[in-house]
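Whenever a hint applies, use it, and build me the whole structure from the sequences.
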Amino acid sequence: MKRGEIMKLIITTPSFGKFHERLIEEMEEKGCRILRLIPYSREEMLKEIVDADAWIVGLESADKELLERAENLKVIAKHGVGVDNIDLEAASAKGIAVTNAPGTNNDAVADLAFGLMLSTARSIPAANALVKGGEWGRFDGVSVWGKTLGVIGLGAIGKGVAKRAQGFEMKVLGYDVSAPAPDEKELNIERVSLTELLASADYISMHVPLNKYTEGMIGREQFDLMKPNSILINTARGGVIDEKALYEALANNKIRGCGLDVFEQEPPVYPELIGLKNLVTTPHIGAYTNEAVQLTSEMSAENVLRLLRDEPLENVVNGVGVKA
22 MKRGEIMKLI ITTPSFGKFH ERLIEEMEEK GCRILRLIPY SREEMLKEIV DADAWIVGLE
82 SADKELLERA ENLKVIAKHG VGVDNIDLEA ASAKGIAVTN APGTNNDAVA DLAFGLMLST
142 ARSIPAANAL VKGGEWGRFD GVSVWGKTLG VIGLGAIGKG VAKRAQGFEM KVLGYDVSAP
202 APDEKELNIE RVSLTELLAS ADYISMHVPL NKYTEGMIGR EQFDLMKPNS ILINTARGGV
262 IDEKALYEAL ANNKIRGCGL DVFEQEPPVY PELIGLKNLV TTPHIGAYTN EAVQLTSEMS
322 AENVLRLLRD EPLENVVNGV GVKA
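Residues in the sequence shown are numbered from 22 upward in steps of one, following my numbering.
Warning: the hint list may mix true and false statements.
Computed list of lysine-lysine pairs in PhoX-like fashion (alpha-carbon distance at most 20 Å, straight line) [to be verified]:
1. Lys-298 <-> Lys-248
2. Lys-85 <-> Lys-115
3. Lys-184 <-> Lys-168
4. Lys-206 <-> Lys-184
5. Lys-68 <-> Lys-85
6. Lys-115 <-> Lys-68
7. Lys-115 <-> Lys-29
8. Lys-298 <-> Lys-275
Quick list of the computed label-pair ranges, beta carbon to beta carbon [said to hold, decoys possible]:
9. Glu-50 <-> Leu-215: 46 to 52 Å
10. Glu-26 <-> Glu-293: 52 to 58 Å
11. Glu-89 <-> Asp-161: 52 to 58 Å
12. Ile-306 <-> Arg-143: 18 to 24 Å
13. Glu-26 <-> Ala-272: 54 to 60 Å
I should point out that these hints are in silico values taken from the structure, not numbers from a laboratory.
Note that the coordinates shown come from a computational prediction; the quantities given were computed from them, not determined experimentally.
Just so you know, even glycine gets a beta-carbon here, dropped at the ideal spot from N, CA and C.
Take a look at the structure:
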């Protein structure tokens, strides 16, 4: 953008700047005219996006209808990593760069994945509810120590879970479509086929992006391969697991349990699944620690400020340069 020009920035995620009190003020001082659409209103967004220059988005849908109305939009900065809520094809067609904030929430998500593993194995949420309800009883759990962990998706988060598993002396099996990386040996990750992983692991943790190749990758056929005492964890994206097949597997005790932070639709619309006693759930909080949110906000802000300074954007996921 031209020096001294004021940028209209729309922010639709309530997490932006939540743990960085001065961030929004600093952006305004540097030339951003900020409009915070929180709570999010699609009707209002359809009007405001027409002359917006930049948009910091969370989990809100950046779909074709919205993007086609954008006359000046130059960048959509995802406040997070996954961009499956953004129509990349529509953005590219309009010359809109889409950026994300990789690496900012790796540890937060890996922590939660391991937390869900322990919570499901030991029925911690149910035990907590029992005691708070005035009762006192016992729950028969299963051990995590020394068991076999299968990690599907060996990116930074998947490897983070594998690293945490070392503290529990777990054997770690890994599956990924990419070539093995040198650090996998240091983490004692044994590469195997997806079929072998599903059949051998006591705990299975999902860490793949949602795309046409991974959608529904865990379905009836895959559940049939799993051990009856296995536990499935998903902190990636809901769509990578077929929820109907998951319901059948849990209801019929084909697997012991499941821990989910993500769903096909959010909030979830499958009450029968949610009501199962062997399902532990959280409301897509994987990335939400104070530290991770602050880092994500800072990286998202920097992508917008680089546009204001007429500098090349970083972490562009759709290969689009900034339009003049």
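Against the structure, the hints:
1. Proposed proximity of Lys-298 and Lys-248 is supported: the alpha carbons are some 19 Å apart, at most 20 Å.
2. Using a Cα cut-off of 20 Å, the hinted pair Lys-85 and Lys-115 holds, with the two alpha carbons roughly 10 Å apart.
3. Among the hinted pairs, Lys-184 with Lys-168 is consistent with the structure: their alpha-carbon atoms are about 14 Å apart, no more than 20 Å.
4. Distance restraint check for Lys-206 and Lys-184: the Cα-Cα separation of roughly 11 Å lies within the 20 Å cut-off, and the hinted pair is therefore satisfied.
5. A distance of roughly 15 Å separates the Cα atoms of Lys-68 and Lys-85; the hinted pair therefore holds under the 20 Å criterion.
6. Between Lys-115 and Lys-68, the direct Cα distance comes to roughly 18 Å. Compliance with the 20 Å bound is thereby established for this hinted pair.
7. At most 20 Å may separate the alpha-carbon atoms for a hinted pair to count; Lys-115 and Lys-29 meet this at roughly 18 Å.
8. A C-alpha spacing of about 14 Å is found between Lys-298 and Lys-275, which places the hinted pair at or below 20 Å, so the restraint holds.
9. At about 51 Å, the beta-carbon gap between Glu-50 and Leu-215 stays in the expected band of 46 to 52 Å.
10. Glu-26 and Glu-293 have their C-beta atoms about 54 Å apart, which keeps the hinted 52 to 58 Å range intact.
11. Against the hinted window of 52 to 58 Å, the Cβ-Cβ separation of Glu-89 and Asp-161 comes to about 56 Å, which satisfies the hint.
12. Remark: the range hint 18 to 24 Å for Ile-306 to Arg-143 is upheld by a beta-carbon distance near 20 Å.
13. Range check, Glu-26 to Ala-272: about 58 Å between beta-carbon atoms, so the 54 to 60 Å window is met.
In terms of the numbered hints stated before, the structure departs from none.
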